[in-house]
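Undergrad: Each chain is listed here by its residues.
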Amino acid sequence: MSEPISALNGATYTQGIAEISALDPIGMISIRGDLAAGYLKKPLKKIAGVDIPAMRGINMIGGKGIAWMSPDELLLICPYADVAANLEVLHKSIGSNHALAVNVSDARAVFRLKGAHIREVLAKLAPVDTSPDAFAPGMIRRTRLAQVPAAFWMVDGDTAELVCFRSVAQYVFDLLKTAAQPGSEVKYHSH
Amino acid sequence: MLILTCPNCGITAEETEFHAGGEAHLTRFGPGASDDDFEQYLFMRDNPKGVHFERWRHVYGCGKWFHAARDTMTLEIFGTYTAQTSTVPQNIIDKITDRRPDWQPPETA
Chain A
82 MSEPISALNG
92 ATYTQGIAEI
102 SALDPIGMIS
112 IRGDLAAGYL
122 KKPLKKIAGV
132 DIPAMRGINM
142 IGGKGIAWMS
152 PDELLLICPY
162 ADVAANLEVL
172 HKSIGSNHAL
182 AVNVSDARAV
192 FRLKGAHIRE
202 VLAKLAPVDT
212 SPDAFAPGMI
222 RRTRLAQVPA
232 AFWMVDGDTA
242 ELVCFRSVAQ
252 YVFDLLKTAA
262 QPGSEVKYHS
272 H
Chain B
4 MLILTCPNCG
14 ITAEETEFHA
24 GGEAHLTRFG
34 PGASDDDFEQ
44 YLFMRDNPKG
54 VHFERWRHVY
64 GCGKWFHAAR
74 DTMTLEIFGT
84 YTAQTSTVPQ
94 NIIDKITDRR
104 PDWQPPETA
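These protein sequence lines map, in sequence, to chains A and B.
For the first sequence, this note's numbering begins at 82 and goes up steadily by one.
For the second sequence, this note's numbering begins at 4 and goes up steadily by one.
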């Protein structure tokens, strides 16, 4: 079988005020349906090891987790190799109920931002209040990055992860590099 | 710049994260309707100076539709509310009359 390779094949940028790296492919399953239904709740808990997060929340433990995307949509995050098995579990549980689980791993690109200034790197590109009070670990924000849709969340105080469509991976990488170019600290969120 | 709060996901963001969907609370006239009704439904829109009800979509966020009440002149947002209604909720009407005591709620809002 061919090797799964991310859009930018692990490109990194370390010269700027934040370290930006394109991550290797991770597994992502888009789920739509009644989020309170047992046929979604139970298999998700089993697969991800976390509960379905509350509105705008993301629960992640060790590379696996669930993100709240909209009132009827979740994103299941898991290792790339586990997607097929997880999908089978989900499909079996959903059965004939009106819900949907689809593998979107190859439709996405994932970036990691690291450093003391990542909040302002993101704030330069998205119409989002990224202050520590308004945007903390455990929250996910679907928004736009300049001209394209993206979603990001804080892993910890100095790390954020970001997903966007694979077709705009180069554009998003260029955006992030520009927003993180040397000497461009705003120092709005302290530091 | 409008700052809207999406009632579906609770996010407050500026208008570039949303997309305007035109006048709200239209009554649909489809097959079997008179030509006049159909024309009204299809083409004729209010263009008030002042209080206006609009449909909006949180296009870069949760992707859901909702309704917003705003002033087209001052750009003041009175409130946003669910798209799953064909009438303006009372709490929105109260908020508008609070700010615009002379305003009359539309008869078939």
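Warning: the hint list may mix true and false statements.
Between beta-carbon pairs, the in silico distance windows are [what the hints assert, rightly or not]:
# : chain 1 : residue 1 : chain 2 : residue 2 : range
1 : A       : Y252      : B       : L78       : 42 to 50 Å
2 : B       : E17       : A       : G264      : 25 to 33 Å
3 : A       : K268      : B       : T77       : 57 to 65 Å
4 : A       : K173      : B       : T90       : 37 to 45 Å
5 : A       : A135      : B       : E18       : 23 to 31 Å
6 : A       : D187      : B       : T19       : 39 to 47 Å
These aren't lab readings, by the way, just hints derived from the structure by calculation.
Cβ coordinates follow ideal geometry from the N, Cα and C atoms, glycine included.
Undergrad: Each hint needs a verdict: does it hold in this structure or not?
TA: Here's how the hints hold up against the structure:
| no. | hint | result |
| --- | --- | --- |
| 1 | A:Y252 <-> B:L78: 42 to 50 Å | 31 Å, violated |
| 2 | B:E17 <-> A:G264: 25 to 33 Å | 28 Å, holds |
| 3 | A:K268 <-> B:T77: 57 to 65 Å | 35 Å, violated |
| 4 | A:K173 <-> B:T90: 37 to 45 Å | 43 Å, holds |
| 5 | A:A135 <-> B:E18: 23 to 31 Å | 26 Å, holds |
| 6 | A:D187 <-> B:T19: 39 to 47 Å | 29 Å, violated |
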